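The lines below spell out each chain.
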Amino acid sequence: MTLDGASIVADGDASLASALVAAGQLELARSPKFHRPRGPSCMRGGCDGCLVRLDGMPNVMSCMTRAKPGAKLERQNVVLSAKLDVLRAADWFFPDGMNHHEMFAGVPGVQDIMQSLARRVAGLGELPEHAVAAHTAIDDLTADVLIVGAGLAGLVAACVLGRLGLGVIVLDEGMRPGGSLLSFPEHAKVALGVDGAIVDIDELRANLVSEAASAGATFVAETTLLGVLEGGDWLGNGHDRGLVRVKARARILAVGAHDGVPAIVANDLPGVLSARAAGRLLREGVLIGDAPLVVGDGLHAEAFAAAAAGHGAKVQRASLASLQGARGLSRVRGAVLTEGSGTRKVSCDAVVVDAPCAPSFELAVEAGARVTHGEPGFSVVVDVDGRFGGAPSGDVGSRNSPLFALGEVTGAALDHAAFARAASRLGRAVAALVEAR
Amino acid sequence: MKGKILACRCEDVTLHELEDAIARGHDDIESLKRYTGFGTGWCQGKSCLALCARVLAAKGGDASLPFTPRPPYHPVSLAHLAALVADDDEENEDSARDARDARDEHDGEDAPT
Ligand code: FES
Chain A
1 MTLDGASIVA DGDASLASAL VAAGQLELAR SPKFHRPRGP SCMRGGCDGC LVRLDGMPNV
61 MSCMTRAKPG AKLERQNVVL SAKLDVLRAA DWFFPDGMNH HEMFAGVPGV QDIMQSLARR
121 VAGLGELPEH AVAAHTAIDD LTADVLIVGA GLAGLVAACV LGRLGLGVIV LDEGMRPGGS
181 LLSFPEHAKV ALGVDGAIVD IDELRANLVS EAASAGATFV AETTLLGVLE GGDWLGNGHD
241 RGLVRVKARA RILAVGAHDG VPAIVANDLP GVLSARAAGR LLREGVLIGD APLVVGDGLH
301 AEAFAAAAAG HGAKVQRASL ASLQGARGLS RVRGAVLTEG SGTRKVSCDA VVVDAPCAPS
361 FELAVEAGAR VTHGEPGFSV VVDVDGRFGG APSGDVGSRN SPLFALGEVT GAALDHAAFA
421 RAASRLGRAV AALVEAR
Chain B
1001 MKGKILACRC EDVTLHELED AIARGHDDIE SLKRYTGFGT GWCQGKSCLA LCARVLAAKG
1061 GDASLPFTPR PPYHPVSLAH LAALVADDDE ENEDSARDAR DARDEHDGED APT
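Quick note, the sequences are listed as chains A and B, same order.
Under the numbering used here, read the first sequence as residues 1 to 437, first letter to last.
Under the numbering used here, read the second sequence as residues 1001 to 1113, first letter to last.
To be clear, the hints were calculated from the coordinates, so they are not data collected in a lab.
Remember, it's a predicted structure, so these values are computed and weren't measured experimentally.
The reader is advised that the hints may include incorrect statements.
[Said to hold, decoys possible] Computed list of lysine to aspartate or glutamate pairs in DMTMM-like fashion (alpha-carbon distance at most 20 Å, straight line):
#  : chain 1 : residue 1 : chain 2 : residue 2
1  : A       : K247      : A       : D4
2  : A       : K68       : B       : D1027
3  : A       : K68       : A       : D4
4  : A       : K68       : A       : D96
5  : A       : K247      : B       : D1027
6  : A       : K68       : A       : D55
7  : A       : K247      : B       : D1020
8  : B       : K1002     : A       : D96
9  : A       : K247      : A       : D139
10 : B       : K1002     : B       : D1020
11 : A       : K72       : A       : D139
12 : B       : K1002     : A       : D13
13 : A       : K247      : B       : D1087
14 : B       : K1059     : A       : E375
15 : B       : K1002     : A       : E339
16 : A       : K247      : A       : E211
17 : A       : K72       : A       : D91
18 : B       : K1059     : A       : D290
19 : B       : K1059     : B       : E1093
20 : A       : K247      : A       : E366
21 : B       : K1059     : B       : D1020
22 : A       : K247      : A       : E339
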């Protein structure tokens, strides 16, 4: 492949983003106002860090796109050059941020100049080189039960529901089923056995996937849920294929959670990334740093720290509360930690953060769910069977609501035993619902 | 430690701006979003909403409700979305044909012999 004309060599079925990081290309884009450098931070389609222009198409999320031979990649939003973006000056001019309500507004003449400048530099990418043919058909899928998300919760639910004899479709945006299980490094040993035992993450994943498949579940990969259509069907987008409309009697949201983002200095610096992103990169063969600072003590931090050390990295650890910020001009060169009543500088080439994840509540709320706010974010409120909303009043657990949620989206921690217990209750409720119709 | 803390990285909204807006009275999620623009960028709040809600709650604001999530929840090209329009047209054609058929039948009955 090429990036801005320079050649990039990738192997295996890596994502574009991991191929770029492997080639040392961490600074992929610039931010809209301050033109601060940006790099991949989540590796799961939830940030702005990995956008590139691919073969003349702007705004391709490189973490969710397979690397392919001959791909022509270009950086976006760069003025002058990637290394020296002149508009970065804005970052130094406005140390606290820009209040666009007050800046140059209402000053005759100046306002117009500022607006035309803003129009030129704002926005993401430039229009495609070629017109793209409009799609004319929607793929219609029908099942007893639709499960959205093929992570731990979705897989557990697919096994339970499949065994009950229900027709199950599992929609997932990843290239293969696994969700955040794939954010652990390969063969990581994690306390995610159904009895809390330490298991090999890939054996666990493979077992669940094959159990679900032999119970009759159908997996639809690289397809992201977009929203609820008039009439109640759910609309998804197959990344290469186009729109997918799913009719199902019961729907289960097992969409997991977004990365937790710490409020630390330079939290947007390339090289600051979530432990899940670092784990996924390592799974794709890329160690994010030779001397990473791993922050936090969640499952993903532990697994990444162990695997990185196994790959010969000089791993340093710190607590989430002690992390003040990252240092470096265009990528991580160090970090600052609280120590006693002062601070301590450490040098490192990546800051890998495991902060509590924020449930992905969006689709549930559109479908009528209630959420509660807590430290990690907004969680979907479910009743004992896992039902949420669905009634016009938005009542939780309205008896005939065909809408359910399971796993991290409900605010639960990643816990196989707890998910399995919840899934068996949910299974009974779903089976009763499908039979009643 | 000096330097920017980004509350919303897609729209370059700093923590300082967020706190300033809260101090100006934008002390619920929806008004805070409208004033600062957080959550309105590429990721639509996936990476920033939880952080901003946490900051707001810590400052005594009302973080009980998120801003209204609006589909699509993941970027989708207009070329893909065009299929919805084609699908609607087909449905409209079907119902137009039904209406025409119904009218023809009706006309048939009433037609002078
Ligand atoms: S969206 Fe690709 S790295 Fe976050």
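Comparing the hints with the structure gives:
1. Annotation: proposed proximity of K247(A) to D4(A) is violated, straight-line Cα distance about 43 Å (limit 20 Å).
2. This hinted pair does not check out: K68(A) and D1027(B) have alpha carbons roughly 47 Å apart, beyond 20 Å.
3. Restraint check: the Cα-Cα separation between K68(A) and D4(A) comes to about 16 Å, which is no more than 20 Å; the hinted pair holds.
4. Between K68(A) and D96(A) the alpha-carbon distance is near 41 Å, which puts this suggested pair outside the 20 Å criterion.
5. Using a Cα cut-off of 20 Å, the hinted pair K247(A) and D1027(B) is violated, with the two alpha carbons roughly 40 Å apart.
6. A C-alpha spacing of about 11 Å is found between K68(A) and D55(A), which places the hinted pair at or below 20 Å, so the restraint holds.
7. Pair hint K247(A) plus D1020(B) does not hold up; C-alpha atoms about 46 Å apart against a cutoff of 20 Å.
8. As the CA atoms of K1002(B) and D96(A) are separated by approximately 10 Å, the hinted pair is consistent with the 20 Å bound.
9. This hinted pair checks out: K247(A) and D139(A) have alpha carbons roughly 11 Å apart, not beyond 20 Å.
10. As the CA atoms of K1002(B) and D1020(B) are separated by approximately 17 Å, the hinted pair is consistent with the 20 Å bound.
11. With a CA separation close to 30 Å, the supplied pair K72(A) and D139(A) exceeds the 20 Å bound.
12. For the proposed pair K1002(B) and D13(A), the alpha carbon gap of about 41 Å is over 20 Å, so the pair is violated.
13. Distance hint between K247(A) and D1087(B) is fulfilled; the C-alpha atoms sit about 16 Å from each other, no more than 20 Å.
14. Using a Cα cut-off of 20 Å, the hinted pair K1059(B) and E375(A) holds, with the two alpha carbons roughly 14 Å apart.
15. For the suggested pair K1002(B) and E339(A), the alpha carbons sit about 17 Å apart, so the restraint of at most 20 Å is met.
16. Straight-line distance between C-alpha atoms of K247(A) and E211(A) comes to about 24 Å, which puts the hinted pair past the 20 Å bound.
17. At most 20 Å may separate the alpha-carbon atoms for a hinted pair to count; K72(A) and D91(A) exceed this at roughly 30 Å.
18. Straight-line distance between C-alpha atoms of K1059(B) and D290(A) comes to about 39 Å, which puts the hinted pair past the 20 Å bound.
19. With a C-alpha separation of about 56 Å, the suggested pairing of K1059(B) with E1093(B) is violated against the 20 Å cut-off.
20. For the hint pairing K247(A) with E366(A), the CA-to-CA distance comes to about 17 Å; that is within 20 Å, so the pair holds.
21. For a cut-off of 20 Å, the pair hint linking K1059(B) to D1020(B) stands: about 11 Å separates their Cα positions.
22. Simply put, K247(A) and E339(A) have alpha-carbon atoms about 56 Å apart, too far for the 20 Å limit, and the pair is violated.
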